[in-house]
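**Q** Residues per chain, in single letters:
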Amino acid sequence: MISKNLTAASTKPIILGILKQGNSYGYLIIKKIKELSGGKMEYSDGMLYPVLHRMEKEGLIQSKWIMDGGTRPRKYYEITALGKEELVAERAQWNQVTELLENLWGVKTSTN
Amino acid sequence: MFNLEDSIKKWLADFQRQRAFDEGKLQEMEQHLRDHVEDLVQQGASEKEAFEQAVASFGEVPRVAKEEFRTIKRKPSIKTFLFTTMLNNYFKTSLRSMMKTPLSSFINVFGLAVAIGACMVVYAFIDFDLSIDRFHENKDELFLSTHYVNREGVEECYGNAPAPLGAMLKADFSSIKNVARIYDGVAVVKQEENVFHESLRYVDPEFLSMFTFPLKWGVAQSLHGVNNVILSEETAKKYFGEENPVGQQLKIIVSQGIHKVFNVSGVAKTFPKARIIDLSILLHIENLDVLNPTYAANDWAEMLNATFIQVDDPSTLDVIKQKMGRYKQYQNEVESDWPITSFDFVNLADLHLASDEIKNGISYDASDEARIGLPVIALFILALACLNYLNIAIVSAARRLKEIGMRKVIGASKGLIVFQFLSENLFMTALAGGIGFLLAALIFLPWFSTFTDISSDFNLLDPNMWTFLLVILIGTGIVSGMYPAFYIARFQVIKIFRGTVKFGKKNLATKIFLTVQLVLTCVGIGFAVMYAQNSRYQAHRKWGYNEKQLLYAQLQNGEDFDRLSALMAQHTDVLEMAGSKDHLAKKRATKIVRLPDQEFEVAELNVGANYAATTGLEVTEGRFFKENYESDQTSIVVNELFLKNLDLNDPLNQQVKIDSTSYQIVGVVKDFYFRSFYSPRRPTIFTLADASDFEFITLKIKDGSQVDSYHELQAAWSALFPETPFNGGFQRDAATWLRFYQDLGKQQRFTRAIAIIFIILASLGLYGLIQLNITGRLREFSIRKTLGADVKSLTFNVAGQYLLIFSIAILLGIPSAHVLNNAMLDMMFPEPRPFGYSGAIISSIILVFVLAAVIASQVKKVANTNPVEGLKTE
Chain A
1 MISKNLTAAS TKPIILGILK QGNSYGYLII KKIKELSGGK MEYSDGMLYP
51 VLHRMEKEGL IQSKWIMDGG TRPRKYYEIT ALGKEELVAE RAQWNQVTEL
101 LENLWGVKTS TN
Chain B
1001 MFNLEDSIKK WLADFQRQRA FDEGKLQEME QHLRDHVEDL VQQGASEKEA
1051 FEQAVASFGE VPRVAKEEFR TIKRKPSIKT FLFTTMLNNY FKTSLRSMMK
1101 TPLSSFINVF GLAVAIGACM VVYAFIDFDL SIDRFHENKD ELFLSTHYVN
1151 REGVEECYGN APAPLGAMLK ADFSSIKNVA RIYDGVAVVK QEENVFHESL
1201 RYVDPEFLSM FTFPLKWGVA QSLHGVNNVI LSEETAKKYF GEENPVGQQL
1251 KIIVSQGIHK VFNVSGVAKT FPKARIIDLS ILLHIENLDV LNPTYAANDW
1301 AEMLNATFIQ VDDPSTLDVI KQKMGRYKQY QNEVESDWPI TSFDFVNLAD
1351 LHLASDEIKN GISYDASDEA RIGLPVIALF ILALACLNYL NIAIVSAARR
1401 LKEIGMRKVI GASKGLIVFQ FLSENLFMTA LAGGIGFLLA ALIFLPWFST
1451 FTDISSDFNL LDPNMWTFLL VILIGTGIVS GMYPAFYIAR FQVIKIFRGT
1501 VKFGKKNLAT KIFLTVQLVL TCVGIGFAVM YAQNSRYQAH RKWGYNEKQL
1551 LYAQLQNGED FDRLSALMAQ HTDVLEMAGS KDHLAKKRAT KIVRLPDQEF
1601 EVAELNVGAN YAATTGLEVT EGRFFKENYE SDQTSIVVNE LFLKNLDLND
1651 PLNQQVKIDS TSYQIVGVVK DFYFRSFYSP RRPTIFTLAD ASDFEFITLK
1701 IKDGSQVDSY HELQAAWSAL FPETPFNGGF QRDAATWLRF YQDLGKQQRF
1751 TRAIAIIFII LASLGLYGLI QLNITGRLRE FSIRKTLGAD VKSLTFNVAG
1801 QYLLIFSIAI LLGIPSAHVL NNAMLDMMFP EPRPFGYSGA IISSIILVFV
1851 LAAVIASQVK KVANTNPVEG LKTE
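If you're matching them up, the sequences are chains A and B in order. Under my numbering, the first residue of the first sequence is numbered 1, with each subsequent residue one higher. Under my numbering, the first residue of the second sequence is numbered 1001, with each subsequent residue one higher.
By construction, these hints were calculated from the structure, which means they are not laboratory data. Misleading hints may appear alongside valid ones.
[As the list claims (entries may be wrong)] Chain B is nowhere near these chain A residues, computed Cβ spacing over 10 Å in every case:
id	residue
1	3
2	6
3	44
4	51
5	53
6	62
7	74
8	93
[Unchecked claim] Straight-line Cα separation of at most 20 Å, SDA-like style, residue types lysine to any residue; simulated pairs:
id	chain 1	residue 1	chain 2	residue 2
9	B	1408	B	1297
10	A	64	B	1035
11	A	34	B	1008
12	B	1587	B	1489
13	A	32	B	1022
14	A	31	B	1022
15	B	1025	A	35
16	A	31	B	1031
17	A	32	B	1035
18	A	31	B	1788
19	A	31	B	1041
20	A	64	B	1027
21	A	4	B	1671
22	A	75	B	1008
23	B	1025	A	100
24	A	75	B	1671
25	A	34	B	1035
26	A	64	B	1824
Where a beta carbon is used, it is the ideal one built from N, C-alpha and C, also for glycine.
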């Protein structure tokens, strides 16, 4: 299980990453996250929406309602240019963290 | 049974209660839930299971809502929250209390609106007046040359300039960039069938580069050509209509045999309204050689109307002035009568305001009284409106005592109560400001523009005007609200609820405010009445001669007189005729009269022998001139003022010297007014004119047939001189007098309006005050009525408390009005209406009438109410 704090911190890059692969709506996004994490990230579905709304307000993503195959209207989110820049920056940060942790844990503990 | 739709609805209602989500977001949640349920059902769950699982994995609604709030709302600070609620509350209470007493609110708002509207108009006027002749781009570099002359011990500034001065300045000082000499003349201008009298402005061609008069057609440079003229748009329209006249020809005829044909080479664009210096026909100054053969460009005695210079650096003027000493010598050699003491320069931007002090100047200032009078009037109205407000606010606070007590009990500090009432007041003044702006824009400004056209130049969006308006609004709001606010805030809660607050009637400050309000009203009404009386008086004064029966015409030369008088003599309605070189209201000269021990400057009228008989000038001593009487060549007739100033007891046979010739006084005529009642009488001498010098013909017409004779005169003129337009008319319509009476009419219209505003404001203020007072004492009056009081005693009861204040107001106000009015009239009229009591009486009657009407209307209301109703009211 991934801790709550880490989940919260990683939500933004995850959403941006998913939307970079194509436009999507809330339910699908959460489904995808659950799939990708193999159930290790525990989410309450509802908490995704405030995050989406905040990101939209910050201009990282934008939304529009689309009638989807005549079934139901769905609010689709799309990544913006600003969002793409943000994703690059987030990615660099996460890489740095991973690198740091790998280095740290890859080195043998000194003998003395 | 489980119903999915109902359950979803219930779940959504949960969300709605949180108020974090708008419609769109709610729908988004709903779709999420439905998607999830659908998926689960497909996987084999029942609808109920699917719904429960979907809701569970969605999470707790309040937590989601809380998270969402963080996105949509700025962090609200407690302070701003409280503040907006407070202001909202104040706004509501002030609106409610306004609606509760709509009449007094109307009086307050309307009075302030009128005052603010008046302030705006005054602002517009002053703004217009101060911008006169300041649209020239080089205005800071342009200077009018002036000179000082010592006349009878008084240094006087003159705006005209000796002819050679301009050229000398240009040659002697390298710091002077440009010089424009200006000579104004008149001529007949002819273009095919169009023949009119026009004024010509002869200038140096640099005139157009120094002053900013952009051209609509043609180029300014063309003025360098001596055969070119540049016209104003108005003049161009008169001769050529709307078409471009460049290249067309005009013939300028100065007098018989002196004329020249010019090419129109340019037309100026419409001038700004705020201007005095302009042009109607502009031509090169060198044309004076042809068109004015007597003009001597190198003679220091020859005067031009103005000489302007342009300098890059105005500080060099001091040096220039110092070095101009030798010019003084040149001038004083030829004009020893009026020696120049010094030269000076006046900046173009200041010229309009300075021009009252400059004689023979190119600019003038006709609005100095208005510049002082109008702001005073506006401030008066504003003060009156503020006092109206003040008094009504204090009295009406009585109705809000409980509200104030309540506020205090729940913790409002004194400061907060003051703040509440001040903000309420600012709200009122803002409302009044809005209405005042509309009043000004829609009514006052258009009306005022019928006196002086200020509205076409005035920009309602002028940021300065808005700053001014804002300052006035906030100032008024605070000044008028300050006292009531502090007064109200001072009450003790206990006393309020016990009902023992002593209110209004006994308060000294209230009485003082009311007195001041009434004094201001008295001053306002008294001033308007007395001013109007003077206008009436001026309008009916005698000119000192028989102007009503006179016709005149301007001649080209003395021969014209013989031909025209011969023709007019055939008409029986023509009683007398006279020729003259000068003419009353039109033309006179200035001379210096020398007695053995003293010198005097006097006006001279050079006239024919029959002039007094024709015009009706009354000879009180001696005689007027006799026709063909050789010795009358050295005789003069003087007016009474001349005698008074020279202190001559036995005037007849007294010898005086004029220009080294001795003259004998043979007669005295009564004083008369030459130009208008704006100009003081002057000591005047009449000299006998040579018939060949006649420039005017004057005809005395049988009373009643002036109009017919006028047409006959015109007909005779066009029969004799078809080439020259007729220039003459009724003596009564002589330009200076016509303007005087028009001006007087405007003043009468204006003061009437001001008086009406004052009376309306006064009645409204009194009405509001007395109404509040009476409603406050309704129970008392009801009791009085039940005990048998009749209308008379009620009236005395109400009127009694105002009687003293009213008497004080009249005793203070009317004399102040008199003093103010005198100060104003002394500025405008050399001989204002003599003092009389009727003005004081009339204004007092108006005031008493207003008070009586207001009290009567209120008492009637009380008298008509059933005392039972009055006793029932809270």
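**Q** Determine for every hint whether it applies to the structure shown.
**A** These are the hints, each one checked on the structure:
1. For residue 3 of chain A, the shortest C-beta to C-beta distance to chain B comes to about 17 Å, beyond the 10 Å cut-off, and the non-interface label holds.
2. Every CB of chain B is more than 10 Å from the CB of residue 6 of chain A (nearest about 18 Å), matching its label as outside the interface.
3. With a cut of 10 Å on Cβ distances, residue 44 of chain A falls inside the contact zone with chain B, its closest approach being about 3 Å.
4. With a least beta-carbon separation of about 8 Å from chain B, residue 51 of chain A fails to lie farther than 10 Å from that chain, contradicting its non-interface assignment.
5. Non-interface call for residue 53 of chain A relative to chain B: violated, since the shortest CB-CB distance, roughly 5 Å, does not exceed 10 Å.
6. The beta carbon of residue 62 of chain A is kept farther than 10 Å from every beta carbon of chain B, the shortest such distance being approximately 14 Å.
7. For residue 74 of chain A, the shortest C-beta to C-beta distance to chain B comes to about 6 Å, within the 10 Å cut-off, and the non-interface label is violated.
8. Taking the minimum C-beta to C-beta distance to chain B, about 23 Å, the non-interface status of residue 93 of chain A holds against the 10 Å cut.
9. About 86 Å separates the Cα atoms of residue 1408 of chain B and residue 1297 of chain B, which puts this hinted pair outside 20 Å; it is violated.
10. As the CA atoms of residue 64 of chain A and residue 1035 of chain B are separated by approximately 18 Å, the hinted pair is consistent with the 20 Å bound.
11. A C-alpha spacing of about 24 Å is found between residue 34 of chain A and residue 1008 of chain B, which places the hinted pair above 20 Å, so the restraint is violated.
12. About 71 Å separates the Cα atoms of residue 1587 of chain B and residue 1489 of chain B, which puts this hinted pair outside 20 Å; it is violated.
13. At most 20 Å may separate the alpha-carbon atoms for a hinted pair to count; residue 32 of chain A and residue 1022 of chain B exceed this at roughly 26 Å.
14. Of the pairs offered as hints, the one joining residue 31 of chain A and residue 1022 of chain B is violated, with about 24 Å between alpha carbons and a cut-off of 20 Å exceeded.
15. Simply put, residue 1025 of chain B and residue 35 of chain A have alpha-carbon atoms about 25 Å apart, too far for the 20 Å limit, and the pair is violated.
16. A distance of roughly 14 Å separates the Cα atoms of residue 31 of chain A and residue 1031 of chain B; the hinted pair therefore holds under the 20 Å criterion.
17. Proposed proximity of residue 32 of chain A and residue 1035 of chain B is supported: the alpha carbons are some 14 Å apart, at most 20 Å.
18. Using a Cα cut-off of 20 Å, the hinted pair residue 31 of chain A and residue 1788 of chain B is violated, with the two alpha carbons roughly 93 Å apart.
19. At roughly 16 Å between alpha-carbon atoms, residue 31 of chain A and residue 1041 of chain B fall within 20 Å of each other, so this suggested pair holds.
20. Taking the CA atoms of residue 64 of chain A and residue 1027 of chain B, the gap is near 13 Å; set against the 20 Å cutoff, the hint holds.
21. Annotation: proposed proximity of residue 4 of chain A to residue 1671 of chain B is violated, straight-line Cα distance about 110 Å (limit 20 Å).
22. Proximity of residue 75 of chain A to residue 1008 of chain B is assessed by CA-CA distance (about 19 Å); at most 20 Å being required, the pair is judged to hold.
23. For a cut-off of 20 Å, the pair hint linking residue 1025 of chain B to residue 100 of chain A is broken: about 40 Å separates their Cα positions.
24. Distance check on the hinted pair: residue 75 of chain A and residue 1671 of chain B sit about 99 Å apart at the alpha-carbon level, beyond 20 Å; violated.
25. Our distance criterion of 20 Å between C-alpha atoms is met by residue 34 of chain A and residue 1035 of chain B, whose separation comes to about 15 Å.
26. Simply put, residue 64 of chain A and residue 1824 of chain B have alpha-carbon atoms about 75 Å apart, too far for the 20 Å limit, and the pair is violated.
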